[in-house]
Amino acid sequence: MSTFSSHRIGSRASEDNGYASTSESSVLRSLFELRKTYTHQSGDDVIQHLAFWNCEWSPRIIQSLRKILVRDGRRFASIKFFDCAIQSDKDNSQSFEQILQMVLVNNSTASLVIKGGKLIGNSNAQEPPQSSCPLSCPSTSVTNALREELPANTSLASLNLSGLDFSSPSTVESLSNALSRNVTLQSVSLRQSSLDDESISKILQSVMEHPNLNSIDLSKNYLGARKNNTASSSTMALDSVSELLRSKTSKLEHLNLSNQYQQHPIRTTYAQPLTHIAQEQIQEHMTAFGKALIALSTNQGLKSIDLSRNPGCLSDPTSVEALSVCLSNNTCLEHVNISDCGMAPESIAYLARKCLPFCGASLKSLVVFGSHLEESAFTCASAAALEKGLLSNMTLENLGELPCESENETIGITCKRIQHTLNLNKGGRRAFRSSLAHSAWSNILARAGNSEYDQPTGKETPASVVFSLLRQGPILMEQ
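To convert, note that position 374 of the sequence shown is 538 in my numbering; the numbers rise steadily by one, no gaps.
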């Protein structure tokens, strides 16, 4: 029987420890304890999660890791590196490259997480936390190891690289090459990795025909952004998104493009602040976005897409109209997040009228409302339209964080009714409107009574949902 446990090496840099990085002696001691556990237990019976926090590297640490990964051939469910010295300096970068090569060559884990490429603390002085890694930090330690060893790796199913600097064309080339030649990965996250529009395009192209990849997270990068303040914006990434969605070979099911930064952070001394984007460039982006939505409308593989927190993405009525057509035609999407994308109240009302009554039966979650909703973005008219449109939809269960406690009493009351309708859908409103065999109703009622519901008023209970469903089920009442 397998047992799941976690082994942590190092600790967070904090005020309590003077923002000190984990000492070499502490890391070596933890690694020795890890080696001792292996001598007392069978490797087939122990599945451990190994996590490094705020660690620097030395020859002695590498040697100790070699005994664990190479000599003993240890396997871990996951290996994670949080805020370790990866992009801090040349010596640590080269040392980490050796560690990463050992992990990949020996198929040591199914899940690899590397978050934050620079040491937060320091081992010599009590100083405040260091700032995040600047764009000049080296990142070749990670991409070189991936390029050389990832293609032959047979164990890795999940790769999470976030908070690193992949702004250099050479690192993107190495990373793309590694991804294109790998066949085992199922999930890749490159969140907040300083990828500009062209880099995102290359990454998407590299996984176009991947045989197993079903999830990719490219959030908090620079889709559509300029390489510098004097360059024009780009639609290369959106064009690649369209191509990926049209692909017949792609296995992608989950795509996260949320929270894209609007301007690449590279600064130049001669550039003037950009205060106006030419209308033709805006039109180019709208056209590219429209093409991506057209591709999405006929896509038969994607189950979820996250476009949230992209201001201006849906500020134009034309884009909202294209989205409405897309969601009405798509038959596979289950979760769509379009919150905080700049939709006007009129656009929300349009979506309620033209999309909610007709969107695919597979769609369970359409997140329109996020945590940054402004009062002016939702009016009584749009709330009323949303309530009316939802009455014709019996499958949608989530619209996001509805403003049920709005200062506008009418909006608040309407939103509570909307939430109740969503709960009815979750409880099985469609089933209660159908002619089912008598024997099925006990299961339907039990499911509705045991489900967890959003409770905007603090009074919504499974019992109240079931009671409302019974009142709406004339066929059941007749029986």
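Be aware that a few hints might be false.
Stated by the list, open to error - Dumping the calculated SDA-like pairs for lysine to any residue here, alpha-carbon to alpha-carbon at most 25 Å: (1) K244 / D255; (2) K366 / S334; (3) K455 / S411; (4) K254 / S340; (5) K518 / A459; (6) K244 / R199; (7) K200 / S178; (8) K244 / N493; (9) K366 / N270; (10) K244 / S353; (11) K244 / R355; (12) K244 / R230; (13) K467 / I446; (14) K231 / R199; (15) K200 / K254; (16) K412 / I446; (17) K518 / E551; (18) K467 / L560; (19) K415 / N493; (20) K244 / H213; (21) K384 / T318.
Think of the hints as simulated: they come from the structure by calculation, not from any bench.
Against the structure, the hints:
{"no.": "1", "hint": "K244 / D255", "result": "20 Å, holds"}
{"no.": "2", "hint": "K366 / S334", "result": "12 Å, holds"}
{"no.": "3", "hint": "K455 / S411", "result": "14 Å, holds"}
{"no.": "4", "hint": "K254 / S340", "result": "23 Å, holds"}
{"no.": "5", "hint": "K518 / A459", "result": "19 Å, holds"}
{"no.": "6", "hint": "K244 / R199", "result": "18 Å, holds"}
{"no.": "7", "hint": "K200 / S178", "result": "29 Å, violated"}
{"no.": "8", "hint": "K244 / N493", "result": "41 Å, violated"}
{"no.": "9", "hint": "K366 / N270", "result": "28 Å, violated"}
{"no.": "10", "hint": "K244 / S353", "result": "14 Å, holds"}
{"no.": "11", "hint": "K244 / R355", "result": "15 Å, holds"}
{"no.": "12", "hint": "K244 / R230", "result": "17 Å, holds"}
{"no.": "13", "hint": "K467 / I446", "result": "29 Å, violated"}
{"no.": "14", "hint": "K231 / R199", "result": "8 Å, holds"}
{"no.": "15", "hint": "K200 / K254", "result": "32 Å, violated"}
{"no.": "16", "hint": "K412 / I446", "result": "30 Å, violated"}
{"no.": "17", "hint": "K518 / E551", "result": "13 Å, holds"}
{"no.": "18", "hint": "K467 / L560", "result": "14 Å, holds"}
{"no.": "19", "hint": "K415 / N493", "result": "20 Å, holds"}
{"no.": "20", "hint": "K244 / H213", "result": "8 Å, holds"}
{"no.": "21", "hint": "K384 / T318", "result": "29 Å, violated"}
Of the numbered hints stated above, those contradicted by the structure are hints 7, 8, 9, 13, 15, 16 and 21, listed in ascending order.
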